[in-house]
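J.: Listed below, chain by chain, are the residues.
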Amino acid sequence: MEGRILLNKILPLLIILSFLKGVFSQIIPYLPFDLYSALSLSLIPLLSINFYSFFSLFFLALLKSLDTSYTTFILIILYFIFFISFQHLRKNFKTETSLFRFLFWGISLLCLLFVEIYIFFNDLSLTSLDYSFWITFLIKIILYFGLSFLLCNFFYNFFRKIIK
Amino acid sequence: MPKKWGLFLFIFLLFLLIFLIKSDPFKSVFGFLWKPFWKVENTLSEKIKNFFSSYVFLVGVKRENEKLKEENLRLKQELSYYIEREILYQKLEKLYKISPRFQYPQVVAKIIYRAADPFSDQIILDKGSKDGLMPQMPVLALIGNEGVGLVGQVIEVHRNWSRVILITDPSFAADVKILRTQDRGILKGKGERYCALEYLPLYSEAKAGDIVITSGQDLIYPEGILVGSITNLTKDSQGLFKKGEVKPVIDLYNLNWVVVLLKISEIPM
Numbered sequence: 001m002e003g004r005i006l007l008n009k010i011l012p013l014l015i016i017l018s019f020l021k022g023v024f025s026q027i028i029p030y031l032p033f034d035l036y037s038a039l040s041l042s043l044i045p046l047l048s049i050n051f052y053s054f055f056s057l058f059f060l061a062l063l064k065s066l067d068t069s070y071t072t073f074i075l076i077i078l079y080f081i082f083f084i085s086f087q088h089l090r091k092n093f094k095t096e097t098s099l100f101r102f103l104f105w106g107i108s109l110l111c112l113l114f115v116e117i118y119i120f121f122n123d124l125s126l127t128s129l130d131y132s133f134w135i136t137f138l139i140k141i142i143l144y145f146g147l148s149f150l151l152c153n154f155f156y157n158f159f160r161k162i163i164k
Numbered sequence: 001m002p003k004k005w006g007l008f009l010f011i012f013l014l015f016l017l018i019f020l021i022k023s024d025p026f027k028s029v030f031g032f033l034w035k036p037f038w039k040v041e042n043t044l045s046e047k048i049k050n051f052f053s054s055y056v057f058l059v060g061v062k063r064e065n066e067k068l069k070e071e072n073l074r075l076k077q078e079l080s081y082y083i084e085r086e087i088l089y090q091k092l093e094k095l096y097k098i099s100p101r102f103q104y105p106q107v108v109a110k111i112i113y114r115a116a117d118p119f120s121d122q123i124i125l126d127k128g129s130k131d132g133l134m135p136q137m138p139v140l141a142l143i144g145n146e147g148v149g150l151v152g153q154v155i156e157v158h159r160n161w162s163r164v165i166l167i168t169d170p171s172f173a174a175d176v177k178i179l180r181t182q183d184r185g186i187l188k189g190k191g192e193r194y195c196a197l198e199y200l201p202l203y204s205e206a207k208a209g210d211i212v213i214t215s216g217q218d219l220i221y222p223e224g225i226l227v228g229s230i231t232n233l234t235k236d237s238q239g240l241f242k243k244g245e246v247k248p249v250i251d252l253y254n255l256n257w258v259v260v261l262l263k264i265s266e267i268p269m
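Top to bottom, those sequences are chains A and B. Going by the working numbering, the first residue of the first sequence is number 1, and it counts up by one from there. Going by the working numbering, the first residue of the second sequence is number 1, and it counts up by one from there.
Source of the hints: derived by calculation from the structure; they are not laboratory data. Be aware that a few hints might be false.
To be verified - DMTMM-like cross-link-like pairs, simulated, lysine to aspartate or glutamate; straight-line CA separation at most 20 Å:
#	chain 1	residue 1	chain 2	residue 2
1	B	Lys235	A	Asp130
2	A	Lys21	B	Asp126
3	B	Lys39	B	Asp218
4	B	Lys110	B	Glu86
5	B	Lys235	B	Glu205
6	A	Lys21	B	Glu46
7	B	Lys247	A	Asp130
8	B	Lys67	B	Glu84
9	A	Lys140	A	Asp130
10	A	Lys140	B	Glu156
11	B	Lys263	B	Asp126
12	B	Lys76	B	Glu46
13	B	Lys49	B	Asp251
14	B	Lys263	B	Glu156
15	B	Lys207	B	Asp175
16	B	Lys263	B	Asp218
17	B	Lys207	A	Glu96
As the list claims (entries may be wrong) - Here are some chain A residues the structure puts well away from chain B; computed CB gaps all over 12 Å:
#	residue
18	Ser25
19	Ser69
20	Phe137
Stated by the list, open to error - Pair by pair, the computed Cβ-Cβ distance ranges are:
#	chain 1	residue 1	chain 2	residue 2	range
21	A	Phe154	B	Lys207	29 to 39 Å
22	A	Asp130	B	Tyr104	32 to 42 Å
23	A	Thr136	B	Glu71	32 to 42 Å
Don't be surprised by glycine CBs; every beta carbon is placed ideally from N, CA and C.
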């Protein structure tokens, strides 16, 4: 994607989406998906290596970091790794196929989920947890992965239409 | 010579990496720039909430009464506006002098953002280090007209905003005691609406419905802050302690204002 398209069309949209997320997160106690990771993963297959691409991922990592207590630097590194690895895979695989995209999103979301779960359990004492906790936790994981994956697909198709 | 430069560069990058991970300057600067957005988001979401609570439920009113209802609604809205202002004024007045028991300076802060993450419970306040906030400070809120309850703890402070973990967040822990039996235990968040109560002595006669308050033994929270009530209590898997669940006394998801006690933690961070 050309840098100018990204700057003129996608970045204002990201700001609007972030604004809407902020409004709804005050009304609904839990949003069971990761909006910023879904946005960055859906953008990655459309981006080519240029300054604006890195800037947009950096911007998304900043937005995500404000939502959590993780260090921004770790999120930036994670998003950049996803982006650079996708660019490398482009040389050897047919990355345009939907199967490849789904695999890429699935693996990336699993990595992000792993980080989330690691941080979650790092603070948690396991002795007090009962069955209802594990059931809720399982539902949370399934919703997080499933909804974020669907959002990736939705945003990818949406962005593809916008940049045409 | 090039080897020396390479070594210098490596050491510089290493220091830069440690600095970026430790102090996180990006978040501080970006949060400062993003604060007006949070404020607008907050205002808008409050308006949406008010709209749904005061107008939408009147859609099904019969047509012949519409004019009267509209007039009534207008007057009600006007009245509710003034009542709301009055309640807000009373709340702020109380929040500024919540209780003479807490001999610490207090800062009233508005919640400007709620991080609705499935794995954590955190809020962002509009007050920061320039108002005297520091990490580990206790955050409280009003319970109706009765007193104050524990909301959470400040964990991240920037110049004009700060992050607070709620008592339901997995990284939260506090030393608490049962008001009736005076038995001590540890209260922990678990990412759900109720908190976990652990390490309660086996001989404890506490039961469901008992009030839980802070003990003050952790040197972070002053003694006697209301936390919640026990909903159930059982033996833990080893059979050495009792464990249970505590329902927070404060509705954590409908908070607008909180008060931060400017109590510096007595234990080093």
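J.: If a hint holds in the structure, say so; if it doesn't, say that too.
T.: Each hint, compared with the structure:
Distance hint between Lys235/B and Asp130/A is fulfilled; the C-alpha atoms sit about 12 Å from each other, no more than 20 Å. With a CA separation close to 19 Å, the supplied pair Lys21/A and Asp126/B stays within the 20 Å bound. Annotation: proposed proximity of Lys39/B to Asp218/B is violated, straight-line Cα distance about 34 Å (limit 20 Å). Taken as a hint, the Lys110/B and Glu86/B pair is honoured in the structure, with Cα atoms around 17 Å apart against an allowance of 20 Å.
Between Lys235/B and Glu205/B the CA atoms are separated by roughly 12 Å; this keeps the pair inside 20 Å, and the hint holds. Taking the CA atoms of Lys21/A and Glu46/B, the gap is about 14 Å. The hint holds against a cut of 20 Å. With a C-alpha separation of about 16 Å, the suggested pairing of Lys247/B with Asp130/A holds against the 20 Å cut-off. With a C-alpha separation of about 25 Å, the suggested pair Lys67/B and Glu84/B falls outside the 20 Å cut-off, and the hint is violated.
Pair hint Lys140/A plus Asp130/A holds up; C-alpha atoms about 16 Å apart against a cutoff of 20 Å. A threshold of 20 Å between alpha carbons decides the hint, and for Lys140/A with Glu156/B the separation of about 26 Å lies outside it, so the pair is violated. The suggested pairing of Lys263/B with Asp126/B holds, with an alpha-carbon distance near 18 Å, which does not exceed 20 Å. For the proposed pair Lys76/B and Glu46/B, the alpha carbon gap of about 18 Å is at most 20 Å, so the pair holds.
Between Lys49/B and Asp251/B, the direct Cα distance comes to roughly 16 Å. Compliance with the 20 Å bound is thereby established for this hinted pair. Note on Lys263/B and Glu156/B: the hinted pairing holds, with a Cα-Cα distance of about 15 Å set against a maximum of 20 Å. A hinted pair counts as satisfied when its Cα atoms are at most 20 Å apart, and Lys207/B with Asp175/B qualifies at roughly 18 Å. The straight-line distance between the Cα atoms of Lys263/B and Asp218/B is roughly 13 Å, inside the 20 Å bound, and the hint therefore holds.
Using a Cα cut-off of 20 Å, the hinted pair Lys207/B and Glu96/A is violated, with the two alpha carbons roughly 61 Å apart. A Cβ of chain B approaches the Cβ of Ser25/A within 12 Å, the least distance being about 4 Å, so the stated non-interface status is violated. The beta carbon of Ser69/A sits about 6 Å from the closest Cβ of chain B, which is not more than 12 Å, so the claim that it is off the interface is violated. Listed as a non-interface residue, Phe137/A fails to keep its Cβ farther than 12 Å from every Cβ of chain B; the least gap is roughly 8 Å.
Judged by the Cβ atoms, the range 29 to 39 Å given for Phe154/A and Lys207/B is violated: they are separated by roughly 50 Å. In this structure, Asp130/A and Tyr104/B meet the distance hint of 32 to 42 Å, their C-beta atoms being roughly 36 Å apart. At about 47 Å, the CB distance of Thr136/A to Glu71/B disagrees with the hint of 32 to 42 Å.
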